[in-house]
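Trainee: Those protein sequences? They're chains A and B, same order as listed.
Going by the working numbering, the residue at position 51 of the first sequence is 48; the numbering climbs one at a time, nothing skipped.
Just add 48 to the spot in the second sequence (first one is 1) and you have the working numbering.
Hints in this document: simulated from the structure, not taken from any laboratory.
As the structure is a prediction and not an experimental result, all values here were calculated from the model.
There's no promise every hint is true.
Heads up, simulated DSSO-like pairs for lysine-lysine below, C-alpha to C-alpha not over 27 Å straight-line [stated by the list, open to error]: (1) B:K109 with A:K43; (2) B:K109 with B:K161; (3) A:K43 with A:K29; (4) B:K161 with A:K40; (5) A:K40 with A:K29; (6) B:K109 with A:K35; (7) B:K161 with A:K29.
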Amino acid sequence: MNTLLAAAALASAVAQDSKPWEGYDRGVRWEKSLDDAKVRAAKESKPILLYQLVGDLDKEGC
Amino acid sequence: MTFSDPAVAAYVNENFVSAWHNRGPGFMNHEFGTEKSIFSYASEAYPTKNICTFFLTPEGKVFHYVSGYYSPDLFLRVLQTVMTLRSALFDESLRLRPQGLSDVRRAHAQSAKSIGETVAKARLWDAYSSWREFTAGYRTFTYRGETHTHTHQCAQSLADGLRYLASLHSRWTRVTELPDLEEVRYAYLSGNSFTEESEGSRTVEEPSHLAVAPLPRSPEPPPARPKEMKKKSEPAPTKVGAVKFPEGRSFAGVVLRGSAD
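Please take these sequences and the hints and turn them into a complete structure.
Mentor: Written out as structure tokens, the structure reads:
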């Protein structure tokens, strides 16, 4: 079992190294568009955080 | 990197609804060396105009922004400040409070003063010898196998970031109307001019490069109170102006005091 877990962790690390930008958008719940964010923000009475960058957050670095 | 930090992600998800926007379609960054270098050696803050995080209402009114990159701990402090501004400006339903704008001007002034005092206390003119004390409140962390440890360069980047944030708050102390996103999303204050552009990128203007036009004179002050009730008056603004953008655009939301940074 431990061997399997170690192998899975190694595979995950290798996969992450092969996609250097994969972790950039991890953790935060990103809406697909600003318009989608506006709808949910109005419903939940929360302000919007809009991150503007050069590049795609889910594909590459900035 | 910052958004992948669990503490940042949790705070963002609890208090905000998030979206991202690519202002440079077609730009592809295939190397990791630059980011790795910034992360490893000087990563507390890099207030470049390359990226900007806007905070806005569901109706699209911007009530704050910060340009550039911030380490997780510094970005958390920025977010906490944004929540303070949110409370000053809006009620629980995000409706503008009657005294919201005046309260938020005070909040910006307090933030500018507080950050300025932090920078002064750190004696950043001698950051090389005081960097350990200055960076003590900021975590070291690991990302993609790289561990960031603080050096004197962190103190310098932290100083750059804090000076930028203080300057930004000073700009907002004269806000008279919340701008629409489109008024500021390509014309915001940044701490340095580094940017990555592609042919499809929309260029970002620097408000500090723009002319400052005088506003109409303020109304005459009310008559003085009786002597026994008189309170200490606030200092009058030294110079008041509105930011003007090129191409005939104007930034009606933020009004400046004093000279451009």
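Trainee: Would you mind confirming whether the straight-line C-alpha gap from K109 of chain B to K35 of chain A stays at or under 27 Å?
Mentor: Answer holds: K109 of chain B to K35 of chain A is near 11 Å, not above 27 Å.
Trainee: When you check the alpha-carbon spacing of K161 of chain B and K40 of chain A, does it fall within 27 Å?
Mentor: With a Cα-Cα distance of about 35 Å, the restraint between K161 of chain B and K40 of chain A is violated, given a limit of 27 Å.
Trainee: Is the Cα-Cα distance between K161 of chain B and K29 of chain A 27 Å or less?
Mentor: violated (37 Å)
Trainee: Is it true that the CA of K109 of chain B sits at most 27 Å from the CA of K161 of chain B?
Mentor: Holds. K109 of chain B to K161 of chain B sits at ~25 Å (cutoff 27 Å).
Trainee: CA of K43 of chain A to CA of K29 of chain A, is that 27 Å or under?
Mentor: holds (17 Å)
Trainee: Next pair to validate is K109 of chain B with K43 of chain A; report whether the Cα-Cα distance is within 27 Å.
Mentor: holds (13 Å)
Trainee: Given the hint that K40 of chain A pairs with K29 of chain A, test it: the Cα-Cα distance must not exceed 27 Å.
Mentor: holds (16 Å)
Checked against the numbered hints given earlier, the structure breaks hints 4 and 7 and satisfies all the rest.
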